[in-house]
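Line by line, the protein sequences are chains A and B. Numbering that gives the first Met the number 0 applies: residue 0 is where the first sequence begins, and numbers increase by one. Numbering that gives the first Met the number 0 applies: residue 0 is where the second sequence begins, and numbers increase by one.
Keep in mind that the hints were calculated from the coordinates and are not lab data. Among these hints, one or two may not hold up.
[Stated by the list, open to error] The calculated DSBU-like cross-link candidates involving lysine-lysine, where the alpha carbons are at most 30 Å apart (straight line), are:
no.: 1; chain 1: B; residue 1: 13; chain 2: A; residue 2: 130
no.: 2; chain 1: B; residue 1: 31; chain 2: A; residue 2: 130
no.: 3; chain 1: B; residue 1: 46; chain 2: A; residue 2: 140
no.: 4; chain 1: A; residue 1: 267; chain 2: A; residue 2: 280
no.: 5; chain 1: A; residue 1: 193; chain 2: A; residue 2: 267
no.: 6; chain 1: A; residue 1: 21; chain 2: B; residue 2: 110
no.: 7; chain 1: A; residue 1: 21; chain 2: B; residue 2: 31
no.: 8; chain 1: A; residue 1: 140; chain 2: B; residue 2: 31
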Amino acid sequence: MSSRPELQAPPEIFYDDVEARKYTSSSRIVGIQAELSERALELLALPDDDIPRLLLDIGCGSGLSGETISENGHQWIGLDISRSMLDIALERETEGDLILGDMGQGLGLRPGVIDGAISISAVQWLCNADKSCHEPRLRLKAFFGSLYRCLGRGARAVFQLYPENNAQRELILSFAMRAGFAGGVVIDYPHSSKKRKEYLVLTCGPPSMSTTTPSAKGVDENSCSDDDNSEDEENQTVCISDRHRPRKKQKVTKKGKTRSWVLQKKEKMRSKGNVVPPDTKYTARKRKARF
Amino acid sequence: MRLLTHNMLSSNIKGVINGFPLRIEVEKVVEKQVDFNPDFLKNMFSKIDWKALADASKIMGYAELPEEVPDASVLDSDEFLQKFHHALLELHLEEGALVCPETGRRFPVNKGIPNMLLHEDEV
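Using the sequences and the hints given, assemble the complete structure.
Now the structure itself:
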């Protein structure tokens, strides 16, 4: 069975009482959600003047992401389609207001009143047709259209999402653009398979200086070129572009793994966002013979 | 559901032109203490539809707000801000319903959560 929840059942059925409780009691998921919403808030780039804003949390679930919003001192309204998830949110006594609604039916909010919107791992659900009356394109159109109307001018919307493939990413982005949003996709830690996270950052209004997409985390400008000429002079091998070339012909260095090799490896791990101990004089030093 | 949210919500049914404000049917109202923050209130004041808020708070049993749209200068008065704060953030509609002003469709409110899900033929 696929590990993607949206392929298993519609959201209001998948997140039943059992699943909703499981979701919220898992400390791993709670941690990840908090991290994602923290980053989404950062990308939202609200003006730094300590005035609480009214934010929208689309697919708020049990209010894990809303908690981060409250911690940052903002008011929020949460929308979710799963009653079980909202019941958990009630139990957790979240500060925001909760609405049981389907984002694919449009948001039903007054125009221009919301200061920003975030959504954590929710928008990809729109690409599924779970009922006979569902048409993903119409639902995406209704969602982005109504979101564009209810946001104030210059307000931002940040969606963290897990697109299934490139076509799905493009589909979502194209409907956002068609609704009038400017913006693009920010990918944090693109080299890492585990920490890689995608955020769709949209700004209400025509493209301008303020609508440029913010820079992603964990991207090193020279990391690409590093990969190309990643071999040092001393352990460089000449490639033979011949299919009959002997396999596994690697130059065996007598010195073994040198300090430069270790440093390079550590730098690569850092670019993937892993936790790597700092480089010191002890890094890759030679052990004594008696060891 | 606070009146802040009620002030933002409008009916989303297909064909409805003016789905705002939703009429409130009250069964149970609760009050919850919320930290007072004048900056937020001043920020929200221009976005609030005053008439809808005043009417809604009256239905919920709080008739302290002025009927007419107040001038922006009242925002300096602490007394006004306290009332505004109480109406906007502390009154919760716990049980009841929201009714679409055009079609009369009822959206039930259970445990403070309005059910805004539409049927197939309303999308």
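Exercise for review: May I ask which of the numbered hints given earlier this structure violates, with the numbers listed in increasing order?
Suggested key: Of the numbered hints, 2, 8 do not hold.
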